[in-house]
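*Asks:* Residue numbers (this note's numbering), protein chains in the order written: chain B, 218 to 678; chain L, 722 to 1364; chain H, 99 to 264; chain C, 2 to 474; chain E, 177 to 287.
Simulated from the structure, these hints should not be mistaken for lab results. Among the clues, some could well be false.
[Unchecked claim] Capping the alpha-carbon separation at 25 Å, the derived lysine-lysine pairs in DSS-like fashion look like this: (1) K241(B) with K652(B); (2) K778(L) with K884(L); (3) K245(B) with K638(B); (4) K466(C) with K148(C); (5) K1028(L) with K1275(L); (6) K752(L) with K285(C); (7) K22(C) with K652(B); (8) K797(L) with K884(L); (9) K884(L) with K192(C); (10) K22(C) with K1298(L); (11) K778(L) with K1220(L); (12) K884(L) with K285(C); (13) K1303(L) with K285(C); (14) K797(L) with K98(C); (15) K606(B) with K192(C); (16) K358(C) with K836(L); (17) K22(C) with K569(B); (18) K241(B) with K217(H); (19) K263(C) with K884(L); (20) K916(L) with K466(C); (21) K569(B) with K148(C); (22) K98(C) with K638(B); (23) K217(H) with K237(E); (24) K569(B) with K241(B); (25) K884(L) with K348(C); (26) K1298(L) with K1288(L); (27) K155(C) with K1303(L).
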Amino acid sequence: MNAIILSAICGVIMMFSGIFTTNKAIIKNVAIIALLVLIAGNLCQTYSIYTVVVDTKDLLAFSKFGLFFNTIAFIATLVYFILSGADIVAVGDYAAEYFALIFFVLCGVSILSSFNGLLMFFIGIEILSIPLYILTGADKKNLKSNEASLKYFLMGSFSTGIMLMGIALVYGATGSFGLASSAIKSANGISNAGILAPIGLLLLFISMAFKVSAAPFHFWTPDVYDGAPSVFTSFMATIVKAAGFIAFIRLFEAKAEDLGPTWKILLPIIIVATLLVGNITAVFQQSVKRMLAYSSIAQAGFMLFALYSSNELAQEGILLYAAAYSLATIGIFAILVKMQDYSLDGYNGLAKTQPVLAATNTVFLLSLAGIPLTAGFFAKYYMLASVIKNGGSISLVIIAVLFAAISVYYYFKVIQAMYFKEGNAATYEIKSSFKLSLVVVAAIIIYLGIFPTALLGFLYF
Amino acid sequence: MQTIKILLAFIVLWPLVGFLVNGLGRNFRSKKMTALYGCGQILGSFLASIYVFFLVKENGSQVATYFDFINVGTLKIPMSFQIDQLSSLFILIITGVGFLIHVYSTSYMRDEEPKHYARYFAYLNLFIFSMLLLVLGANYVIMFIGWEGVGLCSYLLIGFWFKNDNYNYAAKKAFIMNRIGDLGFLLAVFYLINKLGTVTYIDVFARVGELSSQDITIITALLFVGAMGKSAQLPLYTWLPDAMAGPTPVSALIHAATMVTAGIYMIARSNILYTMAPGTQGFIAIIGLATALFAATIALKQNDIKKVLAYSTVSQLGYMFLGLGVGAYTGAVFHVMTHAFFKALLFLGAGSVIHAMHHEQDIRKMGGLKKFMPITNITFLLGCLAIAGVPPFSGFFSKDEILAAAFEKNPILYYLGVAGALMTTFYMFRLYAMTFLGKFRGTNDQEHHLHESPSAITIPLIILAILATVGGFIGIPEVFATNSHWLEQWLAPIFEGSKALVEVHAVNHSQELLMMGVVTGLVLITIMFTWNKFSKYEEKNIEETGFVKVLENKWYVDELYDAIIVKPLDGLAVFFKNIFEKSGIDGTVNGVGRLVNYSSRQLRLVQSGQVGNYILIMVLSIIVIIFIWINDATIFRFISKIF
Amino acid sequence: MGIVQILFWFLSLLALVSALMVLLSKNPVFSVLWLIAVFFAISGHYILLNAQFLAIVNMIVYAGAIMVLFLFVIMLMNLNKETEPQKNIWMKIAGAISGGCLLMVFISLVKQATEMNGKTALMKDGSIGLIGNLGKALFSDFVVPFEISSVLFLSAMVGAVVIGKK
Amino acid sequence: MVPLLLIFIPVISGLLTFFLKNGNAAKNWSLVASVITLAVGLYGVFGSQNLSCNVEWLPVLGARFSVMLDGMGKMLTLLTAISFPIVFAATYNNQYKNTNAFYGLMLLTQAGLMGVFVAGDALLFYFFWELALIPVYFLCSIWGGEKRIAVTFKFFIYTFVGSLLMLVGILYLYNLTPNHTFAIESFYALKLTAAQQNIAFWLFFIAFAIKMPIFPLHTWQPDAYEQSPTSVTMILSGVMAKMGIFAVIRWLVPIFPLATEKFGSIIIILSVFGMLYASLIAIKQDDIKRLIAYSSIGHIGLMCAAIFAMKGIGLQGVMVQMFNHGINVIGLWIVANAIQQQLGTRKFSELGGLAQKAPILAILLMVMAFANIALPLTNAFVGEFLMFNGLFQYNIWLATIAGISIILAAVYTLNMVQKVFYGNTTTKTENATDITGNVQLILIVLVVVVIGFGIYPQPLINLTKDVVIAINP
Amino acid sequence: MPIQYYIYLALALFSIGVVGVLTRRNAIIIFMCVELMLNATNLLLVAFSKMHHGAALVADKASMVGIDGQLFVFFIMVVAAAEVSVGLAIIVMMYRNTHSVDVNFLNRLKN
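Pulled out of the complex, with its shape left as it was, chain B reads as follows:
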């Protein structure tokens, strides 16, 4: 509960901070401080030091898993603020509001990590989405930004409609919005589940697939990520997406059975399709930003494995994945924002002009590619391991790793551009503090790549 309340309050604080000062540096720092408070509050609840007691009437349920995810998400946001804060305030005149919206999104995140019923789930999703529509369009003069925001909004609300229809059908079949009841229901056989409930869940599933941009509901992703201001793309592609997955998992780990055996077939198809679309299409992209958009689809394909094999290994995995993927992507975007030319050629020879950026960027890319000694490796490792542990099909895993190999192909194109191609990549001026924080992030990624349990250790007590 701490997280939800605090994030809301922080949001309000940010709104008002905009009134009292126009100095963007101050606003940024306030945001960082507020975020630290938020993290502290959440940790208080995680380690049950102090918790705001609210009788949620079973609409919310706080698990270690959810709280721990909050921590990860907030820390990732902190990193994001530190790396890209300067660029956030640079997007437009509404620095304070942007931060406020981000905090509201975080509120949505913390709801999604703790909802215990479709009602809160729905509200959480909406709180998560609506600010994003706005952030996407934050760069008001930029037609691309406008277009992205409108596309995002239209398709988003459409998927909301589908989601609601799903919820309605589930409600009709089960007579409740809770997660538990239908689980009990399904305990005594699929036959009782009838048809409306599964179809409702199917619609729910589809709308969630849309949110996490799984094929064939991924179409908004490239355009929106491409059009939105890069800083906000970074936020959407990482924390928000991870939250989406958490919601997805928490929603379906209890209900998957209702879909019957078909469930275990539908998901592989979606996974393979997502991997295919994401990886294959990314290969040909010339703009790094767009390539990252597709790569995020590909990564989503991998995260879906956690859903496919919903065991505790998968849960740990998705947390690690969220952390690794968010950190790496945030880092890459932070560098991307500094580039004057987003195209691959824009990176040519970065190693000479900005060795530190090139090096750290390489670490991030390696992590995304899942090369050992980076956190990304263990993230993927957990996913595959969880599938194999469930006795899932080897062939699916093999397909996955083959696509991982393809992903290496386009990630390494960037590395090639930075190191092996001639040219002098032009960047905006770069503070040494920025470099330092990049190095720190890279170090964290490598550390997690050697001792992943350092992160997951929290779960084991």
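With chain B's structure known, arrange chains L, H, C and E on it following the hints.
*Replies:* Relative to chain B, chains L, H, C and E alone:
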């Protein structure tokens, strides 16, 4: 025991030391030093060998083991030498003849600049080393080491003048052809290891009974393949004539006296195996005889002095194998020895001639050298008589023994053998006559420079001539005197195993005498005929035709091999390199990459940017999913087969 | 066939027809008006179902506030006539067909949904729709989402400012 | 203790090298570091007793940081330890842009290789397997020839696909282990059904086959060898190719006995065909590097065949040959490098007559070349002799066919010798000089090793005997 | 009233909304069609709530079962209102920049 161990080590290693010293010091040692050292080393080994010879005479065969060369599980291959009647005889020949040829070389190669001079002697020493390893080795692997070692040295020495690419090709050809044989040898060794788990002679011969006759046949056949390569038998003989590219003393030492007889040594060494494999023996006899005749026919029309000798070598080797094939092991070894004498003599004589003629090798450009170089003339004539098998020259005894044994086996072999002998007589005396008789056909300035060679050349000639003349008397056949065949008695321990297996009933004396007489008569007639046919040989360059042309072109064998083996392999290689590798395998690999790129280009078109299309696709996929789902999920079932 | 049935059929028909008119009418303003008609019909249904509070809210919020907002925007852009150039006919057909298919699929679903057989919706009776009960529930059991939805409004407000302000 | 040192000396020294701005300092430093590693390696082979180390790493995953040295490990770590100083010394005169990075990456590669050879835990093994690959990727792509980027990329993706499949295999086995651990012992302890083996076997084998490489997965190799900087090529073919062989012996054969038996014949046939195929192609090459590349495909093919023949004697041969081939091929590369550095070409068509200009080089190459065709009394003979024995015991005809490659090897090697060193000089070679002192020294050392182990191979055999017995009692 | 009727009605309205989204290109009208979809679900929810309520009444006269359905509808309206404000704001912004609300002109972003 200890003494013999040290002695053998000395005999083998001393030339190696020579090789190292001459090889490493080649840049800063005078020719004199080099020559002295090169010869000295061999002399040392030679003297030691004589001592060893007498040691063996006293206390028979011995094995000296030094260390484990390979010791894996049950397989033990010690680095050990076996000295017995056979090997002691061979090391005498090798070091003895080797020494003479070293001495000869000191003068023959004197025009070389010091470092190449040293290189030459280094190689020569290395050769002696490997050859000794070959004959002294107490198991087939050690023998194989020497076997390949001599191949290496012959490669190095044939290509000694490496600036000339033809020589290099000849060297390469020699090595590769030998390798073909070596493969056979190796496989035989594997077979032995596979069946008996040992390669040491003593064990193998002791446990030969454990082998099925088929095994023995295979092993012996494979070993013989090795011999074919090394001893230039059909069909692997073509390298030997080309090997004449090397310096003449090398031809004398390696390609006449020693290396090429390794095959005979090997078979004599494993005579028991062969005696137990009559099939292989027959095969050997036929190959040997065929080679003898075939080479002889070619020799008839050769005009290069060394080529003639080369083919005669091949043919003589054929005789030796004939001997082995018909079970006359002693005879074969005997012929090896005599052949070593007279063929070395002939080569050295030829070398002396070539030297005098300023590296002119075509006998049509020679003639009448008698008066210019008397010693060479005499010695060469003796050599010819020896090889022609005129009594009492050495060749007579050895060849006669083989032919007698052949008659024993099958008269046809005998008659063909005799025919070969007559051909030999013919081409040798053709050679002699064209070279030394008649009048000189070369250019004038050649004529002016004609002179007898220096003593370093003539002395070895004389010594060898003496040996070639009297060498035969160590094997006087029963016909003339009882128990006079010293060599047979000497080698008896080696071949007693075989003797025990097949009872030899000698030809009755009267018939043998008759045969001898007839053959000798024929030979003499041939000699006279050729003598006065070619002593007044006039150079007339008319294009030969028909069969003669075929002979001149050596039956077109090289061309044949080129057509049926080299060309196809070449083509295959080119196909693999340019088509199969590039388009085939690598093509597929790159094809995958291209496929990804292509599908990427196609797939991105779906991202049309139209919200309408996006939503449409979404709706359609929703419909599809639900539709399939409610229709009893048959399609999903199908897919579930995949996952 | 009681009054309830008659009303039910009438309202359903009204809803469907005006819904169709929403997307058939060329002029956006008409679409808005037809949509309002739909909302009214739906409110009628609510009343039939004795969900009075929702009926009122639906009229006030949707028909009242939201649709007026739409009207304002349309007027503001004065799209009040044939703004829409003829769009690719195939797109239209494809859309219509797929929409139809969706409906077909749904219907077939409901046909198979045996668990709904014999279930009826309680008409003009039952007190859960009454404002008092709803209010009690809203401020006791559902107070948390009620409060949290304020965050939603806040963000919407901020967003409207950020985006809308010139 | 020793294994740890073997891994961490290169790691640390390598990382330090990046900060040495002065190129020569980096050179000398890394040379020293590698020599120290060599000393440790020798100590490991002869002196030391405590050869294993096993500490907590990822308790949750059941992965431990366990490293150990058995006979094979000792031999291969020794090979790795020897080859790096040799390479550094032999290519001392090569000039690279930002030298420090080059040498740093080289040392990291060494660490990776060492790790692969000592790892006693599957996950750790996989880590080092990749760690050895990544630096090589950068080395080749930055300092390679003109087609480097594409070629190296292909090489990288190719091997990466392989290792990913291996990862799947590792996970598969890990999941089958009773107490969910990656420890090699528990992998050995697994009693897999035939069906399980048939899947996992290929997952592992493909990775190793690509690394070795085995026909038809070899096409990355000639290009990569040709395009990489020679010092990297030396490591690639001298040591890295052995990773595949080693991995097959350590991680494949003992774990999948049934599958090994079942698929052995297929693999042997592939390998044997690959030998002849590669040898034939080598005959037609016009570039020293490509020729050596193909010849090494041939040799590796023989090793692979000998392994799957599963005869003790053949395996022993493989053990010996792993070391010897490493030495020989590095020697050949050094010669190739010397020629290229001096004359700026590797094309036979442009070379010739070097024997007159560079007699020392000629002689040393001669020894290396004859070692390459396994002439007796060179180290390669012993290995090939034993391997052919094993193959022969497995199947006479296969051994015979494979034997043909002995002849072909002679053909292409002598071709090379003749075209490069014999004949008359060409425009490029007419003012060539002999090799510099350091190269001479290194080559002489190598020659001594070649001849030494050729005459007395027993040390190598004794070192690895136990491993062979363990695999094939 | 049999619940099926309501389900059919709601699904029909929903599908009409979908068709509208697919066939119109005026952003506002598309958005209106989305609202239509939402209302369809609202209707369905209310019907279901009454269904469950009716089922529960049999057992217990004072049962409040089904009230959550109606409250859910209430929340949907809340969300819808918020969405509308944001959505219209975005559309207006779009219009300011392009003087069009035609979604087919939204094709700057594509591959």
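*Asks:* Run every hint past the structure and note whether it holds.
*Replies:* For each hint, the structure was consulted:
1. K241(B) with K652(B): 21 Å, holds
2. K778(L) with K884(L): Status violated; Cα separation ~48 Å.
3. K245(B) with K638(B): The hint is violated at about 37 Å.
4. K466(C) with K148(C): Violated: K466(C) and K148(C) sit about 43 Å apart, past 25 Å.
5. K1028(L) with K1275(L): 11 Å, holds
6. K752(L) with K285(C): 41 Å, violated
7. K22(C) with K652(B): It holds: about 21 Å lies between the C-alpha atoms, which stays within 25 Å.
8. K797(L) with K884(L): 44 Å, violated
9. K884(L) with K192(C): 64 Å, violated
10. K22(C) with K1298(L): Outside the cut-off at roughly 45 Å; violated.
11. K778(L) with K1220(L): 21 Å, holds
12. K884(L) with K285(C): Satisfied, since the Cα-Cα distance of roughly 23 Å is no more than 25 Å.
13. K1303(L) with K285(C): The given pair, whose Cα atoms are some 14 Å apart, holds under the 25 Å limit.
14. K797(L) with K98(C): 53 Å, violated
15. K606(B) with K192(C): 18 Å, holds
16. K358(C) with K836(L): At roughly 13 Å apart (the allowed maximum being 25 Å), K836(L) and K358(C) satisfy the hint.
17. K22(C) with K569(B): Within the cut-off at roughly 15 Å; holds.
18. K241(B) with K217(H): 61 Å, violated
19. K263(C) with K884(L): 54 Å, violated
20. K916(L) with K466(C): 22 Å, holds
21. K569(B) with K148(C): Holds, because 21 Å separates the two Cα atoms, which is no more than 25 Å.
22. K98(C) with K638(B): 15 Å, holds
23. K217(H) with K237(E): Between K217(H) and K237(E) the Cα gap is close to 18 Å, so the pair holds against 25 Å.
24. K569(B) with K241(B): Given that 25 Å is the threshold and the Cα spacing comes to 32 Å, the pair is violated.
25. K884(L) with K348(C): Satisfied, since the Cα-Cα distance of roughly 19 Å is no more than 25 Å.
26. K1298(L) with K1288(L): 15 Å, holds
27. K155(C) with K1303(L): Holds. K155(C) to K1303(L) sits at ~15 Å (cutoff 25 Å).
Of the numbered hints listed earlier, those contradicted by the structure are 2, 3, 4, 6, 8, 9, 10, 14, 18, 19 and 24.
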